[in-house]
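Trainee: Listed below, chain by chain, are the residues.
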Amino acid sequence: MAYALQQLINGISLGMIYGLIAVGYTMVYGIIGMINFAHGDVFMIGAFVALIALLLLQLGGVMDGTAAILLMLLASVAVTALYGWTVERVAYRPLRGSFRLAPLISAIGLSIVLQNYVQVSQGARVKPVEAVLRGGVEVFREGDFAVQLSYMQMLIIGTTLAALAAFTILVTRTPLGRAMRACEQDRKMAALLGIDTDRTISLTFVIGAALAAVAGTMYLLRYGVIDFYIGFLAGVKAFTAAVLGGIGSLPGAVLGGLLIGLIETFWSAYFSVQYKDVAAFSILVLTLIFLPTGLLGRQEVEKV
Amino acid sequence: MRDGDRPRRDMILEVAGLTMRFGGLVAVDTVSFTAMRGEITALIGPNGAGKTTVFNCITGFYRPSDGAIRLHVPGALPVELHALAGHNIARAGVARSFQNIRLFPGMTALENLLIAQHNTLMAASGWGIGAVLGLSRYPRAEREAIEKARRWLDATRLLERADDPAGSLPYGAQRRLEIARAMCTEPSLLCLDEPAAGLNPRESDELARLLLEIRAGGTSILLIEHDMGVVMRISDRVVVLDHGKLIAADAPAAVRADPRVIAAYLGVDDPEETAA
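Residue numbers (full-length UniProt numbering), protein chains in the order written: chain W, 1 to 304; chain D, 1 to 276.
So here's chain W without its partners, still in its complex pose:
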């Protein structure tokens, strides 16, 4: 019981990170009908920017955990958002109106470019960091086993919820969010009403990248090790989460992320750690076969 509760806490904090990345996939899919395969690497960039910011802060003598984390987040979001904008500009916009596969290929190309760029500029070695936030609270005790909720996990869950809340307000309450939804439903019509659709698409990438940056920072803080390759696996898992939740659905992305995080954690806890990725990807295959629209996805209706 206590063991399961601990896994639940671990799974939720991991799932939140996947959920944040999955939102980026699902948003871009909603607006341009494409999977942004460079999104996982944008997440990786976010983790690296956070790492660089942390090292600079430590050099500058900022030792307070909370302040350091806040500044890391800000730096990572700002720089990574710029990367998101660039990805759209370089890999997608020139190919808009081209055949459907073209931007997909260019995004995969860009993903490889980003990985190699980080590998060359930052080195291929795994980068460890010391824990910024230690300790936690004991939630529950059963015999010898104490269920821990670490401050780090609280931070991840809290930050993720805050980011998702801000994002939800943005999409449902602001003119930019309305424009994004309008472009999603009928891009040509949105343009006819005076919405600059190119800019709206750019901003969608920027927002997705900002959320990925939050995820990257949380990943760095939680696991303490990153390398140039983390974007691939995390990206594919978040993509799985987006598909499981129903691609195009924002609440679905968060739900899918949580489920993938939980499945992965429980699988590792009760079966075998080696096969946790197999478990996650089996879900992708099963979803695609039996529930192609995902848990909260809409049925695609062919327009006549």
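In case anyone wonders, no lab produced these hints; they're calculated from the structure.
Check the hints yourself; a few may be wrong.
[What the hints assert, rightly or not] Just the calculated beta-carbon pair ranges, DEER-fashion: (1) W:116 x D:66: 45 to 51 Å; (2) W:116 x D:197: 53 to 59 Å; (3) W:162 x D:218: 43 to 49 Å; (4) D:160 x W:154: 45 to 51 Å; (5) D:213 x W:199: 30 to 36 Å; (6) D:80 x W:173: 33 to 39 Å; (7) D:22 x W:166: 43 to 49 Å; (8) W:102 x D:265: 43 to 49 Å; (9) D:209 x W:96: 40 to 46 Å; (10) D:139 x W:124: 49 to 55 Å; (11) W:96 x D:260: 50 to 56 Å; (12) D:151 x W:129: 55 to 61 Å; (13) D:22 x W:291: 40 to 46 Å.
Predicted, not measured: the structure shown is a model, and the values here were computed from it.
Glycine included, every Cβ here is placed at the ideal spot set by N, Cα and C.
Position chain D relative to chain W; hints supplied.
Mentor: Leaving out everything else, chain D in the frame of chain W:
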């Protein structure tokens, strides 16, 4: 009266030598006409005459193969619509509706009207950032936008349906909402593609009244319509196309009597039938 004889200051839209080719097919063949400020101009013609193609060129859906489309603005140089991107045509003051309704079905009626006021709202909200932070300038802009939307919902009798998804409204209501949405962009020229299609006689009457109200409010209207009752009743001028060519442009009564127009609609009289 020839189009060229009209004084230029009255003009709102000038279509000059417009040609649109699709491969070998000439859908619109050197068509020239003008629409006057403060008037309702109807564009009519048998099916396949090229009316919607002309509309698509005016609103930036198609780039014309040849010719020019100019929107005249008082006290400024005319805007060359044929060279503008879609969203800039809207910003220049042209709004349109579609033959097949193109609302945002998943958004509420009110949201559809707010989307049309995107540019003003976006500027007031500091590109969305101010809106998230709840800055002071934005709530006022949004209140004004909602107020304007409410006026048009009221004018189109949709006020009670403001919070319903646009896709769930009945057909006639969706047609009216499309016009309300177009009007929320504050256009100087409103282009309507068959607004009366599928409406019952009572709804058509109501539509005619709405269009006259819009004209009275100072917006010029360019209208494609098959319902001749509506066209003859409200139009100030009628432009007739047939097989991509302009065959008449005159007051409704004169157009109705024009033998070329009658021939286009009813077919050229068969000599044998005439004899009989």
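Trainee: Hints first: check each against the structure and report whether it holds.
Mentor: Hints, one by one, checked against the model:
| no. | hint | in the structure |
| --- | --- | --- |
| 1 | W:116 x D:66: 45 to 51 Å | 49 Å, holds |
| 2 | W:116 x D:197: 53 to 59 Å | 57 Å, holds |
| 3 | W:162 x D:218: 43 to 49 Å | 48 Å, holds |
| 4 | D:160 x W:154: 45 to 51 Å | 47 Å, holds |
| 5 | D:213 x W:199: 30 to 36 Å | 34 Å, holds |
| 6 | D:80 x W:173: 33 to 39 Å | 38 Å, holds |
| 7 | D:22 x W:166: 43 to 49 Å | 47 Å, holds |
| 8 | W:102 x D:265: 43 to 49 Å | 47 Å, holds |
| 9 | D:209 x W:96: 40 to 46 Å | 42 Å, holds |
| 10 | D:139 x W:124: 49 to 55 Å | 51 Å, holds |
| 11 | W:96 x D:260: 50 to 56 Å | 44 Å, violated |
| 12 | D:151 x W:129: 55 to 61 Å | 58 Å, holds |
| 13 | D:22 x W:291: 40 to 46 Å | 42 Å, holds |
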